[in-house]
Amino acid sequence: MEASIELLSYVVSGLAIFVLLGLYVSWRATRLDRLHGRVEAARAALDAALVRRAAAALELAASGLLDPATSLLLAGAAHEARAAGEDRRELAESDLSRALRAAFGQPDFRARLADRDGGALVEELDAAATKVLLARRFYNDAVAATRTSRRRWLVRALRLAGHAAMPAFFEIDDVPPDNGPDADTA
Amino acid sequence: MRIGLVCPYTWEVPGGVQQHVRDLAEALLVLGHEVSVIAPVDDPADAPEPLQNYVVPAGRAVPVPYNGSVARLAFGFVSAGRVRRWLREGRFDVLHVHEPTAPSLSLLACWAADGPIVATFHTAIQRSRAMAAAYGILQTAMEKINARIAVSEAARKTLVEHLGGDAVLIPNGVTAHRYTEAEALPGWPGEGGALGFLGRLDEPRKGLPVLLEAFRLLAPGRPGLRLLVAGPGDLDEIRDTVPDELAQRVVLLGQVSERDKVRAYHSVDVFVAPNLGGESFGIVLAEAMAAGAPIVASDIEAFRRVLLGGRAGALFPVGDAEALAHAAAELLDDPVRRTALSREARIAVRRYDWTTVAHDVLQVYETVALDTAGVVEDFRSGVR
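Protein sequence lines, in the order shown, are assigned to chains A and B.
Take the first sequence: its letter number 183 is residue 190 in my numbering, and every next letter is one higher.
Take the second sequence: its letter number 24 is residue 509 in my numbering, and every next letter is one higher.
It is possible that part of the hints are untrue.
[To be verified] Ranges between beta-carbon positions, derived for each pair:
{"#": "1", "chain 1": "B", "residue 1": "Val653", "chain 2": "A", "residue 2": "Ala52", "range": "38 to 44 angstroms"}
{"#": "2", "chain 1": "B", "residue 1": "Glu574", "chain 2": "A", "residue 2": "Ala151", "range": "56 to 62 angstroms"}
{"#": "3", "chain 1": "A", "residue 1": "Ala52", "chain 2": "B", "residue 2": "Tyr539", "range": "53 to 59 angstroms"}
{"#": "4", "chain 1": "A", "residue 1": "Arg95", "chain 2": "B", "residue 2": "Gly650", "range": "37 to 43 angstroms"}
{"#": "5", "chain 1": "A", "residue 1": "Asp115", "chain 2": "B", "residue 2": "Tyr539", "range": "27 to 33 angstroms"}
{"#": "6", "chain 1": "A", "residue 1": "Ala52", "chain 2": "B", "residue 2": "Gly650", "range": "41 to 47 angstroms"}
Everything labelled a hint here was simulated from the structure, so no lab data went into it.
Here a beta-carbon is modelled for each residue, glycine too, at the ideal position from N, C-alpha and C.
I would like the entire structure built from these sequences, with the hints used as guidance.
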């Protein structure tokens, strides 16, 4: 009799451990899933910010307020950024940041545009550039958290991430105009 | 004539366009014309040599990403203002811009000027997305150009494909007198004879492997014969293809200075241009001709034309090492023929001399500037 009670207690505690372990694993899986969701949302926000910045640059280029050389430079860089494939994306977006800094680095650039009713275009571009900066920080932050979580042995051993691809950092030069190191070289 | 030339790239930085504008300006000055060149200049005070007095500095060029690489360009309100002032003060009969599709001074000049405008297109570019995106911006400037010149068939093709319209072909000139006289490199050409090659080593189309094979065929019968190879590329890679017993006789100079290049042309008995194709003109060949080097060249169309069908240099079937060895051997054994070819080459290359090229360009100027009031500032074009 005593032996069977002892056996039962083993079974019960075994079951309890099993259930607890299951709960823990499921909690970890949910957390990971939530992290992946956060990465996706952050990526969507980042893409939207990049599209908005390129659109603002194109609009400024086509405004007729700039000299044709600056226009050509901005239009070219904005177009490259929009049309670049995955492998060249980061390079092309960095190039756009540099082209914008070179354009805005001209002496009295903002004042001249303001004189010609270009103030709204400049504001839109400034806002878009700041959004890129923010969105990229948030995205890379989410990526970092996800990558750390996925490196845990439990996640790896039980393949909790499933087939989801390991999210990659988005590394570009996104220093906005007038704050960049080459802002005053023109 | 009063001629205004616009160079879009930094004047002191070595480059094909800068060299072209300089040579053209100097040839036009020699012909008695008034010439002013506007170009980005980094810092006149820092320059190693004083600025030529025909150059008007337009300020510094800024390095910016353009078309997938970083270019030094002059753009913006300040540059535009300087170009306008230069146009106003220059009162040119004709404005000649170079590479007007680059976002720099030439585009600004097209935009700011009204009157006879000539444009020279230098580069053969791959399909440029930037150009497509900015078509509208470029179009306004391009429409004002009265005459278009392309320096090569490839540049002309690019122009036709991307911007429509056509251009006349006027190739780069050779400043022949820079090549006429030079001392041979120490120890060259030597008793046993010397063959020479100049060009990129790692570009298969320049044909160095064909020449190395021909040298391998010639070497056993001519123990004193040597091969002088100049040009940039991976020297070790070339050395690996040379048999050990010939290693001492194949001298690789690597990249050489302008001065040593001229000396190299004067250091060989036979200069070989074994190109497999793709040359539109062959500036190296023209330089060798100006130096009076006896030449053996591939029988490609461009070379056949420059060498007057073989009168100014021997031709051999493209890529045929045995035929090359045979042609080179004949020349090595025949000093009289070498002298004759050298003389013919020096005469033939005059057609490509800058003075001749400048004459061709002047004809373009005269065609568009005839009975016009000259170049004035265009007040209609937007921002000032």
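Hints, verified against the model:
At about 53 angstroms, the beta-carbon gap between B:Val653 and A:Ala52 misses the expected band of 38 to 44 angstroms. Taking 56 to 62 angstroms as the suggested C-beta distance range, the pair B:Glu574 and A:Ala151 conforms, at roughly 59 angstroms. Taken as a hint, the range 53 to 59 angstroms holds for the pair A:Ala52 and B:Tyr539, whose Cβ atoms sit roughly 55 angstroms apart. Restraint check, A:Arg95 to B:Gly650: a C-beta distance of roughly 31 angstroms breaks the suggested window 37 to 43 angstroms.
The hinted range of 27 to 33 angstroms is satisfied by A:Asp115 and B:Tyr539, whose Cβ atoms lie roughly 31 angstroms apart. In this structure, A:Ala52 and B:Gly650 meet the distance hint of 41 to 47 angstroms, their C-beta atoms being roughly 45 angstroms apart.
The structure fails to meet hints 1, 4 from the earlier list, while all remaining hints are met.
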